[in-house]
Amino acid sequence: MIEVNLDRDASVPLHLQVAAEIRRAIAEGEAKPGDRLPPAVDFATVLGVNKNTVIRALHILRDEGILDFTRGRGVRVVGTAERSAVLARVGELLSYAGKFGYQPEDVAAMIRPQQ
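Just so we're aligned, residue 6 is where the sequence shown starts under our numbering, counting upward by one.
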């Protein structure tokens with residue numbers, strides 16, 4: 006089972022914390038491409054959160070290309086540690102920028118080369 010630490014007092018929603026912790030675990034090699042994650046219900050029980058919280062986190066990671074959902078095979082890690090590490094840093098940047106009122110599209114515009 007992936008080690009996940011949640012801060013229930015943080016302003017960051019729990020599903021985003023769960024997604025960030027799974028990204029971290031992949032980046033640090035706790036979970037590797039091909040590994041299966043536990044069912045959302047089991048993961049939620051261990052974390053002490055609602056299963057929908059875990060499902061939302063898993064969907065975020067699926068949309069990022071880090072996880073794959075296959076009927077009958079469960080949720081598998083398909084992203085690399087490098088991709089996960091970069092996405093974790095992007096998440097940190099977006100969180101930091103958000104504290105100053107910037108939206109993700111504002112940050113993207115700052116990163117794009119000026120044309």
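Be careful, since some hints might not be right.
Said to hold, decoys possible - Taking CB as the label site, the calculated pair distances span:
1. Gly39 - Gln108: 32 to 40 Å
2. Met115 - Asp47: 22 to 30 Å
3. Val51 - Pro118: 14 to 22 Å
4. Asp47 - Glu69: 28 to 36 Å
5. Pro118 - Lys37: 20 to 28 Å
6. Arg76 - Val51: 32 to 40 Å
7. Pro44 - Glu110: 31 to 39 Å
8. Thr85 - Val17: 35 to 43 Å
9. Gln108 - Arg78: 34 to 42 Å
Just so you know, the hints here were simulated from the structure itself, not pulled from any lab data.
In this text, a Cβ means the ideal position worked out from N, Cα and C, and glycines have one as well.
Evaluated hints:
The hinted range of 32 to 40 Å is satisfied by Gly39 and Gln108, whose Cβ atoms lie roughly 36 Å apart. Our hint of 22 to 30 Å for Met115 and Asp47 is violated, since their Cβ atoms are close to 40 Å apart. Between Val51 and Pro118 the Cβ separation comes to about 44 Å, which falls outside the hinted range of 14 to 22 Å. Between Asp47 and Glu69 the beta carbons are some 22 Å apart, a value that contradicts the proposed interval 28 to 36 Å.
Separation of Pro118 from Lys37 is about 34 Å and departs from the stated range, judged on CB atoms against 20 to 28 Å. Separation of Arg76 from Val51 is about 23 Å and departs from the stated range, judged on CB atoms against 32 to 40 Å. At about 35 Å, the beta-carbon gap between Pro44 and Glu110 stays in the expected band of 31 to 39 Å. Checked against the hint of 35 to 43 Å, the pair Thr85 and Val17 fails, with Cβ atoms roughly 25 Å apart.
At roughly 36 Å, the beta-carbon separation of Gln108 and Arg78 lies within the given 34 to 42 Å, and the hint holds.
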